[in-house]
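Model the full structure from these sequences, guided by the hints.
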Amino acid sequence: MFKAIRIDRNNNKIEIEESNLQYKSLGGRSLIAQFLNDEVIPACDPLGAASKIIFCTSLFAGSGLACANRLSVGAKSPLTGGIKESNVGGTAAAAFASHGIRSLIIEDIPENKEDFVTILIKSDGSVYLEDATNFIGINNYEYVENMQKIYGDNVSVISIGVAGERLYKNSSIQVTEFGTNYPCRAAGRGGLGSVLGSKGVKGIVIQKPDKKNSLDISDKEKFLIQRKELNQLLIESSESNPFSNVGTASTIDFVGPAGIIPTHNFTGTISKEIENLKSDKFMAFVSKNKQPCQAGCLVKCSNIINDKNGNFLTGGFEYETIALCGPNCDIYDYESIAYMDRMCDDLGLDTIETGATMGVCMEAGIIPWGDVNATMKLYQHIADGTELGNLLGQGADRVGKHYCVERIPTCKGQAMPGYDPRGTIGTGYTYATTPMGADHTAGITLGEEESNNVEDAIEHSKMMQEIFAVADSTMCMMAMATFAGHLDKLASLYNAIYGDTILPQDFLELAKKTIHLENEFNRKAGWKPTDNIIPDFFRNEPLPSTGRTFDISQQLLEK
Amino acid sequence: MISINFNGLNFMFNQSMTISNLISLMKINGFVENSSHLIKVNGKLITPFSIHQTTISDGDVITTKPLPVGG
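The listed protein sequences correspond, in order, to chains A and B.
Residue 1193 is where the first sequence starts when you use the numbering used here, and the numbers rise one by one after that.
Residue 112 is where the second sequence starts when you use the numbering used here, and the numbers rise one by one after that.
No lab work stands behind these hints, which were simulated from the structure alone.
Nothing here was measured: the structure is a model prediction, and the numbers come from that model.
No incorrect hints appear here.
Here are the simulated lysine-lysine pairs, DSSO-like style, with alpha carbons at most 27 Å apart: (1) B:K176 - A:K1470; (2) A:K1500 - A:K1480; (3) B:K138 - A:K1681; (4) B:K155 - A:K1751; (5) A:K1751 - B:K151; (6) A:K1654 - B:K176; (7) B:K151 - A:K1704; (8) B:K155 - A:K1681; (9) A:K1492 - B:K138; (10) A:K1420 - A:K1404; (11) B:K151 - A:K1654; (12) A:K1704 - B:K155; (13) A:K1482 - B:K138; (14) B:K176 - A:K1681; (15) B:K151 - A:K1705; (16) A:K1704 - B:K176; (17) B:K155 - A:K1654; (18) A:K1404 - A:K1205; (19) B:K176 - A:K1492; (20) A:K1205 - A:K1216; (21) A:K1420 - B:K138; (22) A:K1482 - B:K176; (23) A:K1681 - A:K1705; (24) B:K138 - A:K1414; (25) A:K1681 - B:K151.
Put into structure tokens, the structure is as follows:
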């Protein structure tokens, strides 16, 4: 069926085993929730020997279902202290699937902290640990370039930059993108780059297999019919989808004037300069849009940004990055924000956490508001690993506390993404209550017709948390926006592949079980209902555009 | 006959059908743009997991809005 690779970094033992049969119906986030509950002590030090990190593909990876080649990364988060699943597009999940690999698990830590390796999955399926000490201190773009020179141009690479090596709590794991082969896709949230760094793993390189593994399909005829129908639905819905036609930056057209985009460290002050970031300006700035981040993507919400000389600068230039690194810091020009995105991807930093950290620094008076040069100097401090840089690498919560800032926009130690919780209280409820810490991909409720009613907001949040738990286990959330209306077809596709008889409502059971397991892990790790907190300033300061505060009671957040 | 109100418009059907089939019908006829929605029946949220079992009844008031997705 599927292979699981298990690597012990204390003795460098590599085992290639058949996937646990009990995990057959699990993929992505649902597999991570089960695995971490089964094998990791929740109270462990996330960067210590007892911690484990797992990379796994979504349930439909390798099936040819559009947008299904999603890679999930899971571990105990050093940022939130709870369970973390962060997923990413790019080439890695398809590369895993082409080798028949469902998961790769890394256990324990090396005795020598300077002992770094590259995990190499060769074209014949064999797995090796290659010495990577020469690549310590090298960032993602240069590392990938080196891996391509050594192992072939078309390798898929998962890697960390210096942020992960230095165990920064705001460190990402980068993945090469389909088409460009640059490491501009990020499993950004939760500081999982530092977990990989603590294992002394600089990267994972996957060569194309000599013989591509194909899924063992139970009912091929039914499978082909269902897959075609689902992919056709996605083609149709993408025709009018702004994420397909512009990119996720199109979100600014709504959240900018509505005052929901974070500005000036989540004050919500609307600047006229938001006009600089609307879709028409984005389209004039972007070098190429409608870029698929993974093979077979039909949504194509990604893009390519070239510099003034026409050379590749960055890709996957997304709304969240723009919101947090831009308006949240009073910065309103695409070129500057794109350079920040490149720097984050190269160093291996989460753009959301980094933008929020810079906003907190501006609030603390460390640098002036909207000062691009001063901001870039702080990025350079992180790159250089100065004392200040080492502090900034720990994320917004720790930096805010260090400078005694009162307005720190975090939940469970993780920075809020690009939606002010006063402007979308359902999303705020998700920030406070999800097992993932402040994370829009755990259940956003934003919409032009979003209800202002507290009960409605909570009901929507809970439902969206379940839908996203299914998305994170099966495919890219962009596709779930279409497939959620066709879970009967998705269940039928699953049955055709696995020879099972699940019903659409069984996906709900999968979601409920996943969230339950995550909450259990977090409870054992020390999380309490009283930790479900939205920072006070969102309750005390009205959002300028609506006059509303975040008014879901603390009692309801703890329920 | 089953009479329902769908996003403010009145419709009549010869027989009941699932919410899922109703949405498909509305999509084919251009009353909704896509087929993935947050759906309320008589003010109560219906999850996408249950639209294939839940059927419409006479007098139902059904509202839909696009499923939110973050950037």
